[in-house]
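Residue numbers (this note's numbering), protein chains in the order written: chain A, 570 to 1134; chain B, 570 to 1134.
Warning: the hint list may mix true and false statements.
For identical chains, the list gives no copy identity; a pair is met inside one copy or between any two copies.
[Unchecked claim] Derived DMTMM-like pairs: lysine to aspartate or glutamate, alpha-carbon spacing no greater than 25 Å straight-line:
| no. | residue 1 | residue 2 |
| --- | --- | --- |
| 1 | Lys882 | Glu926 |
| 2 | Lys727 | Glu926 |
| 3 | Lys825 | Glu945 |
| 4 | Lys940 | Glu831 |
| 5 | Lys825 | Asp896 |
In case anyone wonders, no lab produced these hints; they're calculated from the structure. The structure presented is a predicted model; accordingly, all values stated were derived computationally and were not measured.
Number of protein chains: 2
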Amino acid sequence: MMSRPVAGVRNKTVIVTLPGSPKGAKENLQAIIKTLPHACLQAAGMDSRTLHAGGVKKLEADAGIASSAGNHTHAHGHDHSHTHGHDHSHGHGHGHGHGHGHRNLVRHTAPSANPMSNDPSLGPSRRNRESPYPMLSVDDALQKIRENVPCPQTCTSKVRISLCGQVLAEDVAAQENVPAFRASIVDGYAVVVPKDGNMKGVFPVVSVSHAAPGEAKPLKEGEIARITTGAPLPPGATSVIMVEDTVLKTLTEDGKEEKEVEILADNVSEGENIREVGSDIKAGSIVLRKGEQISAVGGEIGMLASVGAAEVKTYLQPTVGILSTGDEIVPHDRPGDLRLGEVRDTNRLALMSAVMEQGYDVIDLGIAADKSGTLEQTLRDAFSSVDVVITSGGVSMGELDLLKPTIERALGGTIHFGRVAMKPGKPTTFATVPVKDSAGERVPKVIFGLPGNPASALVTFHLFVLPALHQMAGIEPAGLTKAPVLLGHDFSLDKSRPEYHRAIVTVNSDGQLVATSTGVQRSSRVGSLKGANCLLCLPSGTEGLKKGAKVDALFMGQVRSEFRL
Amino acid sequence: MMSRPVAGVRNKTVIVTLPGSPKGAKENLQAIIKTLPHACLQAAGMDSRTLHAGGVKKLEADAGIASSAGNHTHAHGHDHSHTHGHDHSHGHGHGHGHGHGHRNLVRHTAPSANPMSNDPSLGPSRRNRESPYPMLSVDDALQKIRENVPCPQTCTSKVRISLCGQVLAEDVAAQENVPAFRASIVDGYAVVVPKDGNMKGVFPVVSVSHAAPGEAKPLKEGEIARITTGAPLPPGATSVIMVEDTVLKTLTEDGKEEKEVEILADNVSEGENIREVGSDIKAGSIVLRKGEQISAVGGEIGMLASVGAAEVKTYLQPTVGILSTGDEIVPHDRPGDLRLGEVRDTNRLALMSAVMEQGYDVIDLGIAADKSGTLEQTLRDAFSSVDVVITSGGVSMGELDLLKPTIERALGGTIHFGRVAMKPGKPTTFATVPVKDSAGERVPKVIFGLPGNPASALVTFHLFVLPALHQMAGIEPAGLTKAPVLLGHDFSLDKSRPEYHRAIVTVNSDGQLVATSTGVQRSSRVGSLKGANCLLCLPSGTEGLKKGAKVDALFMGQVRSEFRL
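Input sequences plus hints: build the corresponding full structure.
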């Protein structure tokens, strides 16, 4: 879906340019074909007002396009763009498109009271007074991310601690047995067990087998060999008796070695206290599968080390650049008082921390001033070293909100969504930009334009950016773990938008997950993230949810408990 | 509790040296005072056999010491040391103490069948045939760790991403209001709302307030000022109207600026769309408390950045060295086949990963050969750069298990425990060693001697080492989060020892935590950690636990779910 078709009208002819690849051409044509009759009617000169008189529902019905299912509170504008036979990947925005149909915001005027305001003939002050970007549901936005984020690339990684967090791009087979030899699991004496299993008696110590490489001397019935934990059994030995079950009887003449040892055990079975060859891992067996992530708990990397894997094929992890934007933003640690209008940069540090915690390399791109040339150059420079840029700020409706124009006009990028029906985080923007790599190939780089309010930036990072990073790193399923929890108290709901409510999930004494709010959820209030380990997925609605109601939670951190060691 | 009193008997006098500090002296004296009469009787020459004839219970009753509560399967030896007025911090072990009373191991002979074997007169082959270390319960072992691990040290840290994971050693107050000025929360027009709240009409745009520092011109009723999200309100303005609620009417003569804008809103309230000064955070208020940990979710570090904190007092994080021991151990990635007896080093990589995941600096100490001089020098070198050494291997009953002798005899350290009643991990060893720091002060360094079997090493790391690291880093409560979960299937139990069963905790559709086993739990099988996100705390017992039973789990990783975005 990285193709960028161009569509337009020349005289009375509708011109659609499809991508060169058969697959791309087919997909793009499928996306627009039902709306072509409508476009042709318009191009042929039919009066637009008459044509649109039946409203979107009629147009959709005529074209055979069902309204998208899901949680759109603002589906109208979104669908409307479809009925014109192009979506926003066509780059039609350019600051003068589709102002109508996106008016269901929380505000004073009813949408119908607001005339069309987006006439380019108005001169230099031609900014949109309505966002030209359709308001997507969260699910639709996530779908756009899935479709447009590049697939994971593979690489060869050494089996080192830096492997933690990475995902295997191949099955890994054991190249040898674990253990590779018959080994004692205790310190004691290797013995040849007689048929009756009675080992009681005094035996000569004929050899010593340490947990060290070397050849072991064969053992006969009636002889014993001292052996340490993990050491190879002498050939012929059938069991090991723990040292605790023995008594030292006599020493060698020089007094330096054990000569005879008394064994106190009867009912000894063959194979006792022995790890057989390959009993933990058989040579050739698959120890880890493609798609498995190497956790830091240690089991996976331990498994790789134990079978002698020195290198494995993994998915490349994306490198992420973090940029704050806005003339008003100053470094958080700038000495001295703030001047009027200045705001300390909260997002850069918070987002860098969140990215680093996920194990990805992060590059600090600083603070970009509100000048389109500056932002453009910063992004161009960034893309030479990072795969993903996360910006915050500059995505509202202000005349200095330059991110979208810079992506579309200066960088030739595609904005896949620019508004999402959610709280907080409505102006969240996701785009891709084609950038030539060192081999001269155009590869897609990813930009997330997050809102400037700190709570919004962190929530949308976890909700949208993380799935993109996971997808690029080969983690499946991508994104935060989602699971139901019970509400620990009543929660009120937002009337029009689903809310991602910062909360603390605790395990109660029944092993049940219970969520409590972190308090005031204002999008500017980064304190709503303090202590939070989850985002509660609250639906929109007029009535609240009662204590005990079941709600999905997205887990950002470890669950809590009142109990610890 | 790091004081190291010395006690002894000279002629018939009991000599106890207490620490110099009044607090330390008091605590130490309290610890031994009830046992002093008993010690005095012995010192005065009373026959030890007669004195001890009544057994430990009688001695305890005489001294007024209650038996420790809890899960001791081997409480006898432990309590016995108490009745002598010293515990293992007195360094009495030295390889020839207290062999009796610690025989409840899983083995062939009943303890009574095994005569005392620990006579030093037997010559060079004088190793113990029973461990001289009392078998502690897990709870008692954790208590020893709490008592003997150094208290956290404070330092000053810059507010950077490296702060993540650290714990605050002071309350942090906001040095300024957030926001620091009255700010617009939307893009639109600052207005002076008339008494009736009706703003409908066409107004002159008299100024522009960007989200950039500067002086704002005062606004009068009947005038409006264009304003961007986050920008300071002009003095006199009372509300902000969203741009979506407006229509551009006329331009300035040069066509470059808005001259008049129509506002479509009525019922406008004062303060609408405005963030008041300090409404998110008030200057002087405490934003984070001493003891709070800076998480990577971003809320805490964002909070610090937003209030302009450049530096904060935190607790120093311990640096950890990881050492594997054993002549048989080869680097996991050594090319070529294994020779007889060789084993690939699994623990070093797995433990380094686990430490790094916790955010602590980790140093690779390599593999130490089974020569006491080598081990001693490796440990001495390590303590010049690390606070904690974690070794694996060399803690069993073998003649080459040199860790304990090296700690006690060569390094002058104290072994606080050398055996724990648990599965896996029985030989887990915890010690402290006094080391001169750069200022010439003797400071305690911590050693954990973990078992060589990979599953044992990882389980005991999470169970014992982590609480120690947390304590040093100021994290409270220390150690893994513990909470009840339901068993997803039947589990069998170990007859004599509590088991820390590697399992996967999943949230079911009711928001309930359910645990399933990772499979065969053999201590050599690192695969039992693969995919594990918890340790189930299974009690010892002869009957198993049924599906649905409630059991405590220690959470090593994020809970799982069948559901994701």
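These are the hints, each one checked on the structure:
1. Lys882 with Glu926: Both: 23 Å inside a copy, 22 Å across copies.
2. Lys727 with Glu926: both (21 Å within a copy, 18 Å between copies)
3. Lys825 with Glu945: between (80 Å within a copy, 24 Å between copies)
4. Lys940 with Glu831: Neither. Shortest intra-copy (88 Å) and inter-copy (28 Å) distances fail the 25 Å Cα cut-off.
5. Lys825 with Asp896: between (82 Å within a copy, 22 Å between copies)
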